[in-house]
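In order, the protein sequence lines correspond to chains A and B. Residues 1 to 113, numbered by my numbering, are exactly what the first sequence covers, in order. Residues 114 to 261, numbered by my numbering, are exactly what the second sequence covers, in order.
Just so you know, the hints here were simulated from the structure itself, not pulled from any lab data.
Derived DSS-like pairs (lysine-lysine); straight-line CA-CA distance at most 30 angstroms:
(1) A:Lys13 with B:Lys215
(2) B:Lys146 with A:Lys23
(3) A:Lys86 with B:Lys147
(4) A:Lys42 with B:Lys215
(5) B:Lys231 with B:Lys146
(6) A:Lys23 with B:Lys147
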Amino acid sequence: MDLESVVKALNLKVRSGEDKLKKEVLGGYTGDLLSDVMANSKEGDLWITRQVHQNIVAVASLKEHAGIVLVQDSEPAKDTLEKAIKEGIPILVSELSGFEVTARLFNLIKKTA
Amino acid sequence: MDEKPLYDGSFSVAGGNFDNAGEVASNIKTILKKIGLPSDLVRKAALVAYESEINIVSYARKGMIRLRVVSDCITIEAIDEGQGIPDIELAMQPGWSTANQKIREMGFGAGMGLCNIKSFSDIFHISSEVGKGTHLKMIINTNSNSMQ
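Build out the structure end to end from the sequences listed, making use of the hints.
Shown next, in the form of structure tokens:
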């Protein structure tokens with residue numbers, strides 16, 4: 001399933017990486033501890049987090065995530081957004097909690113697997 | 114023994130500046146990709162470099178990360194000038210961290226960095242002197258029969 005379909009299904013607001021929405025979402029990973037995400041998430045994952053500072057862009061870029069979903073209507077910090085635009089990392093915002101976004105994404109991916 | 118390295122270079126890392134944290138790891142990843150190493154090895158090395166870089170940013174005044182690639186292994190060294198680690202055994206325990214509140218709020222300082230570095234390397238060596246600094250040396254084997 002591509003990122004655009006996930007954006008539509010979960011009603012996500014796109015804050016950066018509009019031109020990267022054709023990327024395939026292979027899975028998901030939920031976490032706010034950057035070392036945990038670095039060690040355990042996979043390429044093509046959609047990373048669900050509450051962290052909004054610019055270091056999330058470096059992690060998503062290094063791990064080649066499909067994108068980052070910020071939960072609870074959290075907006076990316078200004079420098080986070082600038083970095084994400086520069087590096088072509090999609091940042092998406094959801095009004096839902098991390099728990100709900102994770103559950104919905106899991107069901108969505110499972111359905112199409 | 115005297116094989117010409119595919120890459121040999123160092124990158125300086127400033128302590129305390131989180132703005133560009135991850136940039137050295139990103140450079141290292143790009144270099145390794147360009148060399149044409151398999152992506153699983155590139156990912157391992159990127160993680161090792163990233164955690165090393167974050168440690169320097171979080172705890173040291175300054176430091177450098179050296180990358181050396183020869184045909185059968187990638188060597189990453191992180192050498193810093195800083196507070197050092199008084200008890201390495203304790204520092205290697207998962208979850209142990211001396212990170213301050215600011216670092217923790219950003220999602221760093223979970224006490225996982227050194228453990229991750231160790232588990233993603235084939236050879237891991239750490240030495241430290243209190244008040245002077247810390248030296249990490251990691252080797253990732255690139256020959257196809259390497260384990261992990």
